[in-house]
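Top line first, the protein sequences correspond to chains P and L. The numbering used here puts the first residue of the first sequence at 1, with every later residue one more than the last. The numbering used here puts the first residue of the second sequence at 1, with every later residue one more than the last.
Among these hints, one or two may not hold up.
[What the hints assert, rightly or not] Residues from chain P shown here face chain L by an in silico Cβ test under 7 Å; the list is partial:
no. : residue
1   : A73
2   : L77
3   : A227
[As the list claims (entries may be wrong)] In silico BS3-like links for lysine-lysine, alpha-carbon gap of 27 Å or less:
no. : chain 1 : residue 1 : chain 2 : residue 2
4   : P       : K102      : L       : K288
5   : P       : K270      : P       : K201
6   : L       : K99       : P       : K45
7   : P       : K297      : L       : K99
8   : P       : K270      : P       : K45
9   : L       : K106      : L       : K288
10  : P       : K102      : P       : K195
11  : P       : K45       : P       : K268
I should point out that these hints are in silico values taken from the structure, not numbers from a laboratory. Here the structure is a predicted model, which means the values were calculated and not measured. Ideal Cβ placement from N, Cα and C applies to all residues, glycine included.
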Amino acid sequence: MHELQRETRARAPEIALVAATATATAIVLLALAVLLLEVLAGGAKVVSWSFLSSPPRGLSEGGILPAVVGTVALTLLMTVAAVPAGVATAVYLTEYAPADSKLARLIRVCIANLAGVPSIVFGLFGLGFFVSTVGRGIDRAFYDGRLVYATPSLIWASLTLAILTLPVVVVATEEALRAVPREIRDASLALGATKLQTVVKVVLPEALGGVLTGTILAISRGAGEVAPIMFTGVAYFLTVLPAHLNDQFMSLSYHVYVLATQSPNVDKTKPILYGTVLTLLALTFLLNLAAVVLRAKTRARVHTAD
Amino acid sequence: MAVTSIAAIILILAFIAREALSVFTGMGLGEEGRPLGLLSATQLADGSEQFLWQPVSEPPRYNIVPLIVGSLKVTIVSLLIAAPLGIAAAVYVSELAGKRQREIIKPTIELLAGIPSVVIGFFALIVLASWVQHAFGTEHRLNTLLAGIGLAMAVCPVIFTVSEDALQAVPHAYRTAALALGSDRVQMIARVVVPAALPGILASLVLGFGRAIGETMIVLLASGNAPLVSASIGLSTRTITATIAQELGEVVVGSTHYHVLFALGTILFVSTFVLNSAGERVIHGLRKKLGTA
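Start from the sequences, fold in the hints, and give me the full structure.
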């Protein structure tokens, strides 16, 4: 009897702790579940092939084709800029920088801080640097000062996003490069390959999974951003698709903001709003899922190689 | 190409600060030669003093106090919600949950971090707004509390992930030693594991603060955007980020208003830079310490 009482007393705090922390976990998971179910319930009956492939008619009818195409074009251009720069940075950090390199440390500090810069600051930067400085420079040099590139457009929004997603590519690539066993490098060098040949033909192919993971995560991140593209190229409403680098474009993410705030008739806009949110969310989730699977596969391969 | 990131950071600061320079060095003079009064209150006709952000009124008033108060207010509300939830969830997942639960819960919470902030903003505006107003009877439909709840959804995964990593980094020997000395699991967690992980948990709060104060779309959609100076969380509020997002598109390039918005961006950049550097430094130090322990 006495023993039993001691036992219950000792266990009471543990039960309380488990209950409290499990409840907190459940609240977080519940918030996610409610959000997902709400979007799914409101959007599932709207999203169809014709919704994705037809142009909008006003803010409450039609589809979202220009936003889909715009987001694809935006993230593709962003990838073209961000991935080479990101991979080059990661290769320098892991393969070339000396262990005690001050430059490497500075680069790491900059990458960590770049990842923490608020997205609206990227918007300010894109407008001040790309649109008003680089764009104006190009117009003065090649177009006699006519307004061609000194205006918000696809290319400037993509480059702004490329800088924002650079850290994502660097971190994923670096992780993959570090996982490549030393022996493989040594073997390549011992066979007479130069350092450059070793990096390009041996190490990088081994790390390709990591590069791909970083690219996918960057696209997922870039597709969801609004603030950086608000002043650098995204358009409120367009019926035509972007055809040139200096065209404006629509994006899924900005379209969500526009539909949620600018509609004169909230109830009539709701189906399209939910459909757009579901499309955007499905896109980012599928990309994230692909990255998780890819990363798990790469890790498993590396471990079996050990 | 490896120095792209350094160039990016320097260019960002240079170009934002360049546009903001006239505000900081121009002795606070506006285009009409009147003081900008960024931080000082305006005396109204009835003699009372108020902090006013009215950039398009005549005369324009560029007092940034309401925006700073708004940003801090929303951020603090979001941390008050997200910190207990995120840290408690981290303790549960790291210390109390079984292996299978852990493998499911951790990636699921991290999934929340992958949701675009505009989607969380949409969720707060369209779904949560009515619930919050109904439950708390707030004065404004879009208010500080709602924006704080929305922000908490974005900040919670940050706090959770960093705290959970910090708890996991506590060496197994600490736990076995505590148990061997006769403490039960609660004592072990409360007196040994959590204190050992405390720097990392604090870093998670610093990083969460930086994430919250820099977030734009959630507050733009959910806060109501009225530049009021008030302690009430039931009232609408306007943050630095939302102000830039809402006004930069309509402002005349080169005007005083334009430069003041870039000055706000500079303040934002510098404060998040400091916060993130501090957070990263603690995490880095922790890894080093525990790596050698």
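Here is how each hint holds up against the structure:
no., hint, result
1, A73, "violated (18 Å)"
2, L77, "violated (16 Å)"
3, A227, "holds (4 Å)"
4, K102(P) <-> K288(L), "holds (18 Å)"
5, K270(P) <-> K201(P), "violated (52 Å)"
6, K99(L) <-> K45(P), "violated (38 Å)"
7, K297(P) <-> K99(L), "holds (20 Å)"
8, K270(P) <-> K45(P), "holds (12 Å)"
9, K106(L) <-> K288(L), "holds (24 Å)"
10, K102(P) <-> K195(P), "holds (22 Å)"
11, K45(P) <-> K268(P), "holds (15 Å)"
Of the numbered hints given earlier, the model fails hints 1, 2, 5 and 6; all others are met.
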